[in-house]
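Visitor: Sequence:
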Amino acid sequence: MSSTFPWHDRHCRAYDTYHRTGRTDVSGVAADIGRGYGDGAVAIGSAGTGWRTTGGRSAPGEVPLARHGRGEGRVAGRIRDADVALVRERSPIADVVSEHVQLRPAGRNELVGLCPFHEEKSPSFYVNVATGLFHCFGCQQGGDVYSFVREIDGLSFREAAERLARRAGVTLTFEGGGTTDRTVSSQRQRLLEAHRIAAEFYAEQLGGHPSARAGWDFLTARGFDLTAAQRFGVGYAATGWDTLTRHLLSRRFTGEELVLGGLSKQGARGGLIDRFHHRLMWPIRDLAGEVVGFGGRRLAEDGSPNAGPKYLNSPETPLFKKASLLYGAELARRDIARRYQVVVVEGYTDVMACHLAGVTTAVATCGTAFGPEHVGVVRRLLMDSDERRGEVIFTFDGDAAGQKAALRAFEHEERFATQTFVAVEPTGLDPCELWMRGGDAAVRELVARRVPLVEFAIRGVLARYDLDTTEGRLAALDAAAPLINRIKDAGLRHRHAVNLDRWLGFLDERFVARRVAEHREQQTGGRSAAVASAVGRREPAATDPTVIVEREALKLAVQFPGLAGPMFDTLAPEMFTVPAHRAVRELISGLGGVGGGLARTGDVAAWVTELSAAATEEGLRRFVTALAVERVLCDRDVDDRYVDEQMSRVQELHVTRRITDLKSRVQRLNPVVDAEAFNRAYGELIALEQHKHQLRERGVGAA
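Per UniProt numbering, the sequence shown starts with residue 1, numbered consecutively.
Derived by calculation from the structure, the hints in this document are not laboratory data.
Built from N, CA and C at the ideal position, the CB exists for glycine as well.
Some hints could be false.
Here are the simulated BS3-like cross-link-like pairs (lysine-lysine), alpha carbons at most 25 Å apart as the crow flies [claimed, not checked]:
hint: 1; residue 1: K310; residue 2: K265
hint: 2; residue 1: K404; residue 2: K321
hint: 3; residue 1: K488; residue 2: K121
Per label pair, the in silico range of CB-to-CB distance [as the list claims (entries may be wrong)]:
hint: 4; residue 1: L633; residue 2: E586; range: 48 to 58 Å
hint: 5; residue 1: K265; residue 2: R213; range: 21 to 31 Å
hint: 6; residue 1: P315; residue 2: R510; range: 54 to 64 Å
hint: 7; residue 1: T656; residue 2: P309; range: 53 to 63 Å
hint: 8; residue 1: G107; residue 2: D635; range: 32 to 42 Å
hint: 9; residue 1: Q522; residue 2: L591; range: 38 to 48 Å
hint: 10; residue 1: E414; residue 2: E316; range: 23 to 33 Å
hint: 11; residue 1: T656; residue 2: E316; range: 33 to 43 Å
hint: 12; residue 1: V638; residue 2: Q522; range: 57 to 67 Å
hint: 13; residue 1: L407; residue 2: G596; range: 40 to 50 Å
hint: 14; residue 1: G107; residue 2: Y311; range: 25 to 35 Å
hint: 15; residue 1: E175; residue 2: P318; range: 27 to 37 Å
hint: 16; residue 1: L591; residue 2: R334; range: 56 to 66 Å
hint: 17; residue 1: G208; residue 2: G358; range: 30 to 40 Å
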């Protein structure tokens, strides 16, 4: 039976041929699974050679020189085929991939998630449990569990095999008699091992070093006990100059490895010294749980320049890439997937406090602002897509620095399909301080009181202006409009424009919405650019009832202008929510409506030609052509009744949206303090409900 993946059968035939005969034809296979294996890889060899290592300048069947402890050595031969197969068998691809990507069922033996190799809005990365293969239908990356580890971590085949073997508890044996216990390990594996030993050493120092008392004072003052310290692996870097360095050298790591890993550095007098001194230490782990770096908090408070900065992280190393690391992510990942929520805090103690308070989806950046690569990590953890939305909650201080951080975070808001929020404690306390004073409930309440990030950012902008004057309100409106226009969802844009009107006190939603729209056109280069963008953007799903109704009305206006004219011309452009639909409606308005121009003659061909000629953008012309040839959804001859029904439905949907907005506004208004506005909005709401009822009866009657 053919597999789910089109290239899987070729792989299986190649493997089967080799295991039966020791020979294989690599035609058509190397391009799929042997691409770029590089240094130390296992690949399909030429006829008669079976599997061999390739890459670098090594001879066939050998791997390049590599450091081992303080010396060097050469591994004679390749990894045994039986070991390669055993590691694959004990490394279920779903488990390995799930360390980096949130997966969900997508059919029999299939899982799907957001691809970790390229940015995408909807999941196209598939894992087949039965075949042990993965494939992304977006970027075309694919292969087995070895391929995945190689691609995700940039490893050679040998390095990937060693990593998977260690994970699976398998000792690799090389032809020639060597094993991974006695032979060289890859650079990455040795650095990971050095960091693991360093984390254990720091933890031991916290429990037994005389000068660690300052570290315990710091922790206990914030409510953390021994259990909490052990849960998060907190440790202590001693006051000595080379305490950790000597320990790691005694474990047969080289000085070059310690410097490369950021654990040691060259001292002023030559020689190696520790990077961290007299600091409380937090191990920073990747999503697989491996220690890849550290964050240290200074304990000396005497202001001495020798004490260094208050917070010090590992430098950029082959393991530590702070732009893509989130502290606590390996602890939070399962609850993030279960709750569809990520809480982003600012410090390591904030993460500890949140988790201890029950907010177990908290993570923190590692000494850098939340950036594009962090967005990618969070989206994969959430499996963030248009079909499956969660929430990202940022916690910031309420001061100017917090406002600035919020604006930086908002720069990435449009990259999320999910909605983003901000949780701010009015008194300015961070989550750890709040936990110390108010306990678990206070932290949970902080997260529950979240507000949309765009609202927080807009309010921060408005606070800079004098809203007691008309000039100040107008200036604030113009400053806030670009923030609203960065919102992808048209409905959310409109909702926040309504909110902006309320916050500024204009009490004129149309004026504010129009002003925001003018800014949007300026940002996109005027109407022409706006139309091109509208038509070029991906539209909502064709099965969306609003899309169907709006499109049907446009088809009637294009194909049956004589029937549709009078009724279609009563539909305002803002009644069309899909950008491409609105662009066509505005195009028709520019020609005097369906009731004017060539449409009056009843010559449909001439009418379509006129529309196409008036469209200045190629995308808009193609859309007009599509409307002219697409079948009308009517199972009888199109007549006045059908046209009236469709136009009434467009109006009804528009009125329904206005009712929703008004209901929200009425709920926000205080009927005592804002009596006039409340009564006006309530009266308009009653009138709209009556109008909607009339439109519905008219549509049903026409049918």
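Visitor: Hint by hint, say whether it matches the structure.
Guide: Results of checking the hints against the structure:
1. For the suggested pair K310 and K265, the alpha carbons sit about 19 Å apart, so the restraint of at most 25 Å is met.
2. Using a Cα cut-off of 25 Å, the hinted pair K404 and K321 holds, with the two alpha carbons roughly 24 Å apart.
3. Distance hint between K488 and K121 is fulfilled; the C-alpha atoms sit about 13 Å from each other, no more than 25 Å.
4. Remark: the range hint 48 to 58 Å for L633 to E586 is contradicted by a beta-carbon distance near 24 Å.
5. Between K265 and R213, the C-beta spacing of about 26 Å keeps the proposed range 21 to 31 Å intact.
6. Taken as a hint, the range 54 to 64 Å holds for the pair P315 and R510, whose Cβ atoms sit roughly 55 Å apart.
7. Checked against the hint of 53 to 63 Å, the pair T656 and P309 passes, with Cβ atoms roughly 57 Å apart.
8. A beta carbon spacing of about 35 Å between G107 and D635 agrees with the range 32 to 42 Å that was offered as a hint.
9. For Q522 paired with L591, a C-beta distance near 25 Å fails the hint of 38 to 48 Å.
10. With their beta carbons about 28 Å apart, E414 and E316 fall inside the hinted range of 23 to 33 Å.
11. Between T656 and E316 the beta carbons are some 53 Å apart, a value that contradicts the proposed interval 33 to 43 Å.
12. Take V638 and Q522: their Cβ atoms lie about 41 Å apart, and the range 57 to 67 Å is violated.
13. The hint said 40 to 50 Å for the Cβ distance between L407 and G596, and at roughly 47 Å that hint holds.
14. At roughly 47 Å, the beta-carbon separation of G107 and Y311 lies outside the given 25 to 35 Å, and the hint is violated.
15. Checking the proposed 27 to 37 Å range against E175 and P318 shows it holds: the Cβ atoms sit about 28 Å from each other.
16. The hinted range of 56 to 66 Å is satisfied by L591 and R334, whose Cβ atoms lie roughly 58 Å apart.
17. Taken as a hint, the range 30 to 40 Å holds for the pair G208 and G358, whose Cβ atoms sit roughly 32 Å apart.
The earlier numbered hints that this structure contradicts are 4, 9, 11, 12, 14.
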